[in-house]
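K.L.:
In case you want the letters, here they are:
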Amino acid sequence: MSVHVETEASRRPSPGGPPGGLAAAQRALAGVLGSSMLRYVVRRILWGIVLLFVVSGLTFLIFYAFPAADPAALRAGRQATPQLIEQIRHSLGLDKPVYDQYWLYMKGLVLHFDLGYSYENNVSVTSQILSRLPATIALTAGAFVVWMLVGIPVGILSAIKRRSVVDRTTMGASLLAISAPVYWLGLIALLLFSQDIGELHFLPGAGSYTPLTSDPTQWFFSLLMPWFVLAAAFAAFYARMVRGNLIDVLGEDYIRTARAKGLSERRVILRHGLRAALTPVVTMAGLDLGVLLGGAILTETVFNIPGVGRYAYDSIINSDLPAIQGTVLFGAFFIIVANIVVDVLYAFLDPRVRY
Amino acid sequence: MLRAFGAAALVGATILVAGCGGSSSSGESESQTAAGISTAPPPTPTACETKGGTLKILSAGDVDHIDPGQGYYSFTYEITRPTQRALLSAKPGTVELQPDLAAGMPQVSKDGKTVTVKIRQGVHFSPPVNREVTSADVKYAIERGFATSVANGYAAAYFGVIQGAPKTAPQFPEPISGIETPDPSTLVFHLTQPEAVFVTALSMPLTAPVPEDYAKQYDDQTLSTYGLHQVASGPYMIKSNAAGSINGVGYKPNRLIDLVRNPNWDSSTDYRLACADEVRFEEGFQDPTVVAKTILSGSADANGDIPPPPAELRSILSSSTESKELFFTPTGGARYIALNTTEPPFDNANARKAVAYVLDRNALRLTRGGAVDGTIATHFIDPSFGDKGFEQAGGTGFNPFPSPDFSGDVTKAKELMKAAGYADGMYTGPQVTVVADNVPPGSDTAKVVAADLAKIGIKSRIISVTHATMYTKYCNVPKNEPNICPNVGWLPDFHEPQAILDVPFNGKNIIPSNNSNWPLLNDPAINAAMDRAEKTLDPSKRYEQWGKIDQQVTETASAIPWLWEDYPTLFSSRVVPALMVDNEGAPDVDFMSVR
Amino acid sequence: MALLEIEDLRVHFNTRDGVVRAVDGVSLTLDRHETLGIVGESGSGKSVTALTVMGLTRLPNAVVEGRVLLDGVDLLALPLHELRRIRGSRVAMVFQDPMSSLHPLYKVGWQIVEAIRAHGDVPKDVARRRAVQALADVGIPSPAERMDSYPHELSGGMRQRAMIAMALVLDPDVLIADEPTTALDVTVQAQILDVIRRLQAERGAAVALITHDLGVVAETADQLAVMYAGRVVERGPLATVLDAPEHPYTWGLLQSIPRLEAGPQRLQPIAGTPPSLIHVPSGCSFHPRCPYAFALCPEIVPPLVLSQPGHDVACHLPPAKRQAIGRRLRSEDDASGGLAAG
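Protein chains in written order, with our numbering: chain A, 1 to 355; chain B, 1 to 595; chain C, 1 to 342.
Simulated from the structure, these hints should not be mistaken for lab results. Computed from a prediction, not measured in an experiment: that's the story for all the values here. One or more of the hints may lead you astray.
Straight-line Cα separation of at most 35 Å, DSBU-like style, residue types lysine-lysine; simulated pairs [stated by the list, open to error]:
| # | chain 1 | residue 1 | chain 2 | residue 2 |
| --- | --- | --- | --- | --- |
| 1 | B | Lys455 | B | Lys548 |
| 2 | B | Lys110 | B | Lys51 |
| 3 | C | Lys321 | A | Lys161 |
| 4 | B | Lys548 | B | Lys535 |
| 5 | B | Lys508 | A | Lys96 |
| 6 | B | Lys167 | B | Lys110 |
| 7 | B | Lys324 | A | Lys96 |
| 8 | B | Lys167 | A | Lys96 |
| 9 | B | Lys51 | B | Lys113 |
| 10 | B | Lys324 | B | Lys548 |
| 11 | A | Lys96 | B | Lys216 |
| 12 | C | Lys107 | A | Lys107 |
| 13 | B | Lys412 | B | Lys167 |
| 14 | B | Lys455 | B | Lys167 |
| 15 | B | Lys479 | A | Lys96 |
| 16 | B | Lys216 | A | Lys107 |
| 17 | B | Lys216 | B | Lys239 |
| 18 | B | Lys479 | B | Lys412 |
| 19 | A | Lys107 | B | Lys418 |
| 20 | B | Lys473 | B | Lys91 |
Just so you have them, the derived chain B footprint on chain A, three or more residues with Cβ under 8 Å [unchecked claim]:
| # | stretch |
| --- | --- |
| 21 | 134–141 |
| 22 | 308–314 |
Glycine included, each C-beta is placed from N, C-alpha and C at the ideal position.
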């Protein structure tokens, strides 16, 4: 769980001035990364924090500007008097001006990592998100592995055997996979393969997710269908991307040079061609991973996986602002981290890039 | 109970033969809503077929509140009924009340202002409280409902009549002088005036005992956290840790509510069977077809809040084995189209009556699945009330705005438009605003209304929002209210006609926000009739009065009822079915057992 | 027998627009210690000829006919896996733009080491030492540090030297340099040509130097071949072809070179535009632009035949006439300041 990526800016200051531990960490990092890279990373992290503030502010504003349901009224119940609603509004702090509420919220967040309490059931938002994070991470990481393992080789094969039957089949299949709505694909998968309601009783059905720590076997099998369903469109997209990139790269002059050196065709394609073609793919994959960690809502819904995405959806339906804020911030956080990681990775992968 | 309409959402359209129906309140006789569809409940088991095992109930959403003193939603009652013993509960298979925590039915004084209830002996709280339940626990349970830290939605409505009940809600629970506990097993209520439904209201979960010494620390916070630390008095409890916390143990919000046996429950004190050792309410299942198929496959035992869609219902009804597990229960309420009587054009009675004539009830019912979804309503008190007001209102025979096959009568509608002042019988004014659900079936219902209105020249502007927004920002706020709120309805808290008609149609209940009198009906004659009926203690006189009021309200055409809904409950063949007739057919885990 | 003999090479590409006759009957020879300059404008077929020698035109839509004999072995008939053994080790190629021809993501040293280890089981440290030596041989300062540079970290001249180092590291018999200086500064060009010349002298390789720039070949070539529209139109010792050219195209090329010493002058380009390789003009492909064309020219393709000792020309004009015209043009040139100096 990436909360461990504590930035220098967000660490609590130790008593007695700037901590010595900070300087030591900086030196260590500088050794590994090179100091201009380090400056770049620090700069990005600081901007990332600014961005998180902006995101949280925007979410606050949107919630107030657009007609969402009234949380005080929802909380108060059907036959509550207007006076009771106002009293609840007051005790939830909802009658304060927007900036006041925002200030209180940010104070709690920055000082205590406290994301507030759900309007819906008064449970701590942080604890809800943290308890649901493992499911989302499991779903996302597994799907990532599947789509990379399927998409990249298919893309390579299609690029090499361009315009052949193999190529046309894989590209046609990829179009189908990209066009199929995830929810529909998930339902089809359940109605075909799930042990309780499917035609072929292979795999555990919807709602069968159990945490890795309680039952690893069940955890694995309950995630197989969701992994493939979520990975389908991505695998197809990545196959097409790899194919396109590789075809472009194989037309470059340095490929001609590699052949002129007498290298085997396999080495030319993989070491020279793929190496260049994969750089943008890797960065794209990092970004996709970051977005998905914010919650793959549709997949989590159709398979009833208790992840963060599902939590986000439920909180929107219930107009539960603290939960909405929390999930949006988490999603933004992962995207920002993914962006930074991917940019740093790009510098490692492509030496022409300099910060 | 309002939420029930929102949750029973994902029913599409099918074509089935329309029919008519009526049922007696005991539910023992066969009743038909359509050719072959019965609303008879399964026979209530009198013994457990097997003791032990785990029941699994699937649902889409969560309870509205986990605190039994806040719960006000039919799905929530599926959890409070087995874990919390209110003073009274419905006799299984009926809507009649019997003593639950009470030792006997309450005694009401002649002037109706004193109600005495005896508390049963030998009922204990679950761990970590463990001790015996006393009358003081019921007193505290009711008092806490008035505080904003708990904020029970019906406390003021039904118990506000108790002497000393606060007029402005205190922040934390405060004693109410009108609730007396002369001894640990006696409870006396002193009312400021007689209230016909007071005794019936003692079946609400607010009257389930709450130990003050244990709960006070939680209730004395801005928002009480007692719900996450609650103790039970029934055969089951929500699984908790040693300190009594259920959060993350037996209660995982939007994921799971896990009931286990209350070790301190004494079966000799209770009418409940409590056969299974564990009941798991697994939440988050959004797709109704998947839920229905899972139950049919035996991997789950019943649907909690998500009914099978019409396609599944059709296929189940056509199978002789599967149809044995499917039951339809009248929800007790009606769906209706509310017209804002304070703004033109619907401030004119004739214009409203024209709408009542032009609406095609069949098309409306089709948006929710057709005949399988219920009976076309002609007034507000539903057939399940039987002689508690339904018959007195004229039963199915009372239909002030008839049309051939319920499909609407454009000619008659035009006549009434003429009477309203529109020369050709076609509306000539500006667009009317309609605020509706943004997803089916609510959005489909709104479209049918708009199409029918167009037949008399009324153009509609439909504003589509989420269900919750529709209520809390528009339809429940009189100054924001549009001309038409087509997706409203009202379910009774209990089977008393007052619970159907008072809040939605009494002028005194119009409030500036959270208003449920959507037509903003404020007819002095009707208001006065309701006030009288609310104090009529004699049941048969009372039902007579309410029957008449139902007719009067219907005739104002300020809201046009179109469906008396039946709720489908599907059980797996693995279990003996049992459902709550008084709670829209929700599965009754106190009586279900594994076969 | 010459080291490299190209016999009547034809390379046609089938495209949607038609058949592109990129190389249409080219015959050339190359010997050790010898530099053959191949000159022509773009589209003359010189690069395709070079690529075909390396076997880099074996594409699905290419038709290759003729023979390319390396020490008597026909490279065009060799199966790919054997051809690969020859590429880089016996015949090597240097390309025009070293920025795009070197892999941008691998270090220069790594790329040279890779070339070495592709042709034999050479241990990494040995290969590395050889690579450092190769960089030193082409005149790159601090070669051991330069091994760890990426191509974009080097200047244009350094990059080209590195390319040459990579091509020559395995001591090939034949080096084909396709426009090796075109992408470089004029000042650097001379240095690169120096490197090639020096290494050739040291190792005795045969060099084919392909360019459109007569100035380049004038410095370095021993033999010169002029190509037009996929065919060789004139061929012979450098001095002969430059001092006494006998083909109207060569005349045009020499006349169109601007001269530094001559003061302000009017450039004399060759009239007309380069021909389409799909719709090649009939007969002599130069005839639409030739001031001396006559009735026979559009009819028959002129064969490349001996005109003077060692000097072949493909033109229908009788040799005597050609030589006369050539002399006349030279004297006109001398009058206006000197033709193709040196």
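K.L.:
Confirm or reject each hint.
P.N.:
Checked hints:
1. B:Lys455 <-> B:Lys548: Distance ~32 Å between B:Lys455 and B:Lys548 Cα, so the pair holds.
2. B:Lys110 <-> B:Lys51: 46 Å, violated
3. C:Lys321 <-> A:Lys161: 56 Å, violated
4. B:Lys548 <-> B:Lys535: 16 Å, holds
5. B:Lys508 <-> A:Lys96: Status holds; Cα separation ~31 Å.
6. B:Lys167 <-> B:Lys110: Distance ~26 Å between B:Lys167 and B:Lys110 Cα, so the pair holds.
7. B:Lys324 <-> A:Lys96: 56 Å, violated
8. B:Lys167 <-> A:Lys96: 25 Å, holds
9. B:Lys51 <-> B:Lys113: Given that 35 Å is the threshold and the Cα spacing comes to 45 Å, the pair is violated.
10. B:Lys324 <-> B:Lys548: Outside the cut-off at roughly 39 Å; violated.
11. A:Lys96 <-> B:Lys216: 28 Å, holds
12. C:Lys107 <-> A:Lys107: Roughly 50 Å between the alpha carbons, so the hint for C:Lys107 and A:Lys107 is violated.
13. B:Lys412 <-> B:Lys167: 48 Å, violated
14. B:Lys455 <-> B:Lys167: Violated: B:Lys455 and B:Lys167 sit about 48 Å apart, past 35 Å.
15. B:Lys479 <-> A:Lys96: 22 Å, holds
16. B:Lys216 <-> A:Lys107: 29 Å, holds
17. B:Lys216 <-> B:Lys239: 21 Å, holds
18. B:Lys479 <-> B:Lys412: Holds - the C-alpha atoms of B:Lys412 and B:Lys479 are around 32 Å apart, at most 35 Å.
19. A:Lys107 <-> B:Lys418: With a Cα-Cα distance of about 64 Å, the restraint between A:Lys107 and B:Lys418 is violated, given a limit of 35 Å.
20. B:Lys473 <-> B:Lys91: At roughly 39 Å apart (the allowed maximum being 35 Å), B:Lys91 and B:Lys473 break the hint.
21. 134–141: violated (count 0)
22. 308–314: Result for this restraint: holds, n = 3.
In summary, the structure is inconsistent with hints 2, 3, 7, 9, 10, 12, 13, 14, 19, 20 and 21 from the numbered list given earlier, while agreeing with the others.
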